[in-house]
Structures are given as C-alpha cells and as structure tokens.
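Model the full structure from these sequences, guided by the hints.
Here the protein sequences line up with chains A and B, keeping their order.
Mind the numbering: the first sequence is residues 502 to 644 in my numbering, read in order.
Mind the numbering: the second sequence is residues 56 to 214 in my numbering, read in order.
Accuracy of the hints is not assured; some may be wrong.
From chain A, some residues computed to sit far from chain B (all C-beta separations above 10 Å) [what the hints assert, rightly or not]:
#1 515
#2 518
#3 523
#4 537
#5 542
#6 544
#7 627
#8 639
Cross-link-like lysine to aspartate or glutamate pairs, in silico, DMTMM-like; alpha carbons within 25 Å at most [stated by the list, open to error]:
#9 B:139 <-> B:183
#10 B:169 <-> B:150
#11 A:556 <-> A:546
#12 B:139 <-> B:72
#13 B:169 <-> B:196
#14 B:139 <-> B:196
#15 A:618 <-> B:105
#16 B:139 <-> A:630
#17 A:556 <-> B:72
In case anyone wonders, no lab produced these hints; they're calculated from the structure.
The beta-carbon is built from N, C-alpha and C at its ideal position, and this holds for glycine as well.
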Amino acid sequence: MTEKTENHESFEDIPGELIANLKTLFDTDSMVPGSIDDAIIAEADRYLVRRRRFKALRWMAPVAAAASMTIIILSLLSDKDTAIRNDPKTSIPTIENITILDAFRVARIIRAGECGKKEWDANHDGTIDQADVHELVTAAVRL
Amino acid sequence: MKRNRFITVHGCILCIECFFFLFCLGCIRSERHTRDTNSGRFMPLDIYVDSGDTPLAAYQIEIEDTSQVSAIVGIEGGEHHAFKEPPYYDSAAIDNHHVILASFSLNSSLPTGKILVATIHLLVHDRDGPDFILRHCITADPNGRSFTADVILALGDES
Numbered sequence: 502m503t504e505k506t507e508n509h510e511s512f513e514d515i516p517g518e519l520i521a522n523l524k525t526l527f528d529t530d531s532m533v534p535g536s537i538d539d540a541i542i543a544e545a546d547r548y549l550v551r552r553r554r555f556k557a558l559r560w561m562a563p564v565a566a567a568a569s570m571t572i573i574i575l576s577l578l579s580d581k582d583t584a585i586r587n588d589p590k591t592s593i594p595t596i597e598n599i600t601i602l603d604a605f606r607v608a609r610i611i612r613a614g615e616c617g618k619k620e621w622d623a624n625h626d627g628t629i630d631q632a633d634v635h636e637l638v639t640a641a642v643r644l
Numbered sequence: 056m057k058r059n060r061f062i063t064v065h066g067c068i069l070c071i072e073c074f075f076f077l078f079c080l081g082c083i084r085s086e087r088h089t090r091d092t093n094s095g096r097f098m099p100l101d102i103y104v105d106s107g108d109t110p111l112a113a114y115q116i117e118i119e120d121t122s123q124v125s126a127i128v129g130i131e132g133g134e135h136h137a138f139k140e141p142p143y144y145d146s147a148a149i150d151n152h153h154v155i156l157a158s159f160s161l162n163s164s165l166p167t168g169k170i171l172v173a174t175i176h177l178l179v180h181d182r183d184g185p186d187f188i189l190r191h192c193i194t195a196d197p198n199g200r201s202f203t204a205d206v207i208l209a210l211g212d213e214s
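Structural data, given as structure tokens:
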C-alpha cells in the first residue's frame, strides 16, 4: 500500500497524452505512512479479540443461569433433611447390624461389673460404660 | 440475521429456564403450604407386646405407615414401670411415617403377658387413616436371649 511503483515500459505503444491523463486521474502525491497502516491493523486485531471474547461469554450466561437455578432448587428441596442430619445432638454413628440386644448385653455387663470385650467399646474411648450403651442403642434405632 | 437468530434462540432458552425455575419454586411452596396448613387429626397408636409367661426385658420394633398419610408427632413410654420412659428412637422419625423403637430394662421386676410398651402420637392427613406394618421385631428375656412374642398395634380414637 505504501510502495509507489511506476512502470512505463509496458505502455510504450499507448499515447503519451493518454498516459499523462490517466496519471492525473489515479496518481496522487499524498503518501500513507506505515504507522497508520500499523494502527489500523492493531485496531482490527483488538476488535476481533473482543468479538472472540464475547462469543465465549455469550454461552456462559445461560449455563450460569441454569447452574444457579439447579443449585437453588436442590438447596430448597434438601434444607430440612440437612438440618436434621447436621444437628450434632441427633447424629448417630453408622454401625451396621446393631440391635437392642447388643446394647442390652453391654448394659448387663456394666451392671455386673464384668470386664467387657474390647469390641463393645462402641465410641472408642478406651472404656466400656453407659456412653457405649447409648452409642449402640442409637445405632440400633437409626433409620 | 445470524445475530437475530442467536438472540431468539437464547431468549427462548432463558424463558424456558425461568418458567422451569418458577414452576419448581411454586411446587415446593405449595407442598410446604399444604404440609403446614393441613391440620389433619391426631391419633394415638398403642404398641403392645404379649410375651406370654416370659418376662420382657428388651424389645425393638420397626413400624412403617405404608400409606404415608400420617406423621409421627410424639412418642411416649408404656404402662409398666420397666418401660415407663419413652423408648429410644431416631429423631428423624419425627414428622416421618417410619420409626424404629427400642428399649430395655435392667429391673428385677419385669412384665409378662400383654403390656403396653409405647404409644406413638400421629398426625393423620387422610380420611382413610394410616396403614401400618411391622417390619422387624426383636424381644429378649432378662438373660438377653431373644424369644418370639406377639406385637399388637392398636390405633386409638382421634382427637
């Protein structure tokens, strides 16, 4: 764009007057500096980058909306159950296949003052006492 | 043209999502409103154990309302002093239709025959009433040996 070429060799058979007239029509004395070209290209690049960013962002809006709605609905559905399960007073350890008979057995052992088996230490505090009985009972009635 | 199509498609998607969200919110609120405002009627469910001649020292009974029309609102103990205290149960059973009750006694004086071991207080939301089934029952004598006993459920008068 900035390079100005003059090649008159291939126009030898064309009348000089025509060439002169054509030069008057299309030729110009003004030069476009290279810095303006660079600025135009840089501005075009910036615009294209913005377009690409917008393309990525326009998909994120519906996805984010759907995700937030799902989270709100799930939280509304499960808040009550969570409240019950998170209450430390009602938390019950997960001990499978425990029945009231196990708790009753440990209670009888404690009452008789016998040395209980290590496996009856349900709360793993190193001693077999009423806390273990309570632990076993709560496991037995767990829903 | 392409931009118009994009706006139309995404507008439709957002409208559908908003509609779905409001629909779900409405359902949840409606369910809660129904649950909160439907007073229903209160009914006691008496639980008896008939251990025959064997002294009853411990029991565990699992009960479920298969019709799911009742909600447990309270549980109290039985008539004999050995089981006077309310039995153990998971607090998640309250406002539910499923519970496991369990209790034991180390008393020397234990009941025999048919005795009331617990009463469950229910809030019933349906005219037809609840339909209870016994899932798992354990009864034991003072030595901790399990034995077979009859468990009887008796739905009392509404209040």
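Would the hint linking residue 169 (chain B) and residue 196 (chain B) be met if the CA-CA limit is 25 Å? 15 Å, holds
For the pair supplied as a hint, residue 139 (chain B) and residue 183 (chain B), is the alpha-carbon distance within the 25 Å limit? Violated - the C-alpha atoms of residue 183 (chain B) and residue 139 (chain B) are around 31 Å apart, more than 25 Å.
Exclusion check [residue 639 (chain A) not at the chain B interface, CB over 10 Å]: 7 Å, violated
Whether residue 518 (chain A) stays farther than 10 Å from all C-beta atoms of chain B, as the label says: Holds: least Cβ distance 51 Å, greater than 10 Å.
Grab the minimum beta-carbon distance between residue 537 (chain A) and chain B and tell me whether it stays above 10 Å. The assertion about residue 537 (chain A) holds, with a minimum of 31 Å to chain B.
Separation of residue 515 (chain A) from chain B, once the least beta-carbon distance is taken, above 10 Å: Since the minimum Cβ distance to chain B is about 47 Å, residue 515 (chain A) lies beyond 10 Å and the statement holds.
Hint check: residue 618 (chain A) vs residue 105 (chain B), CA-CA at most 25 Å. Holds or violated? 33 Å, violated
Within a Cα-Cα threshold of 25 Å, do residue 139 (chain B) and residue 630 (chain A) meet the stated pairing? At roughly 23 Å apart (the allowed maximum being 25 Å), residue 630 (chain A) and residue 139 (chain B) satisfy the hint.
Hint check: residue 139 (chain B) vs residue 196 (chain B), CA-CA at most 25 Å. Holds or violated? Holds, at roughly 18 Å.
Minimum C-beta separation from residue 544 (chain A) to chain B exceeding 10 Å: can you confirm that? 22 Å, holds
Is the Cβ of residue 542 (chain A) more than 10 Å away from each Cβ in chain B? 25 Å, holds
Proposed proximity, residue 546 (chain A) with residue 556 (chain A) (alpha carbon, max 25 Å): Cα-Cα ~15 Å, so holds.
The earlier numbered hints that this structure contradicts are 8, 9, 10, 12, 15.
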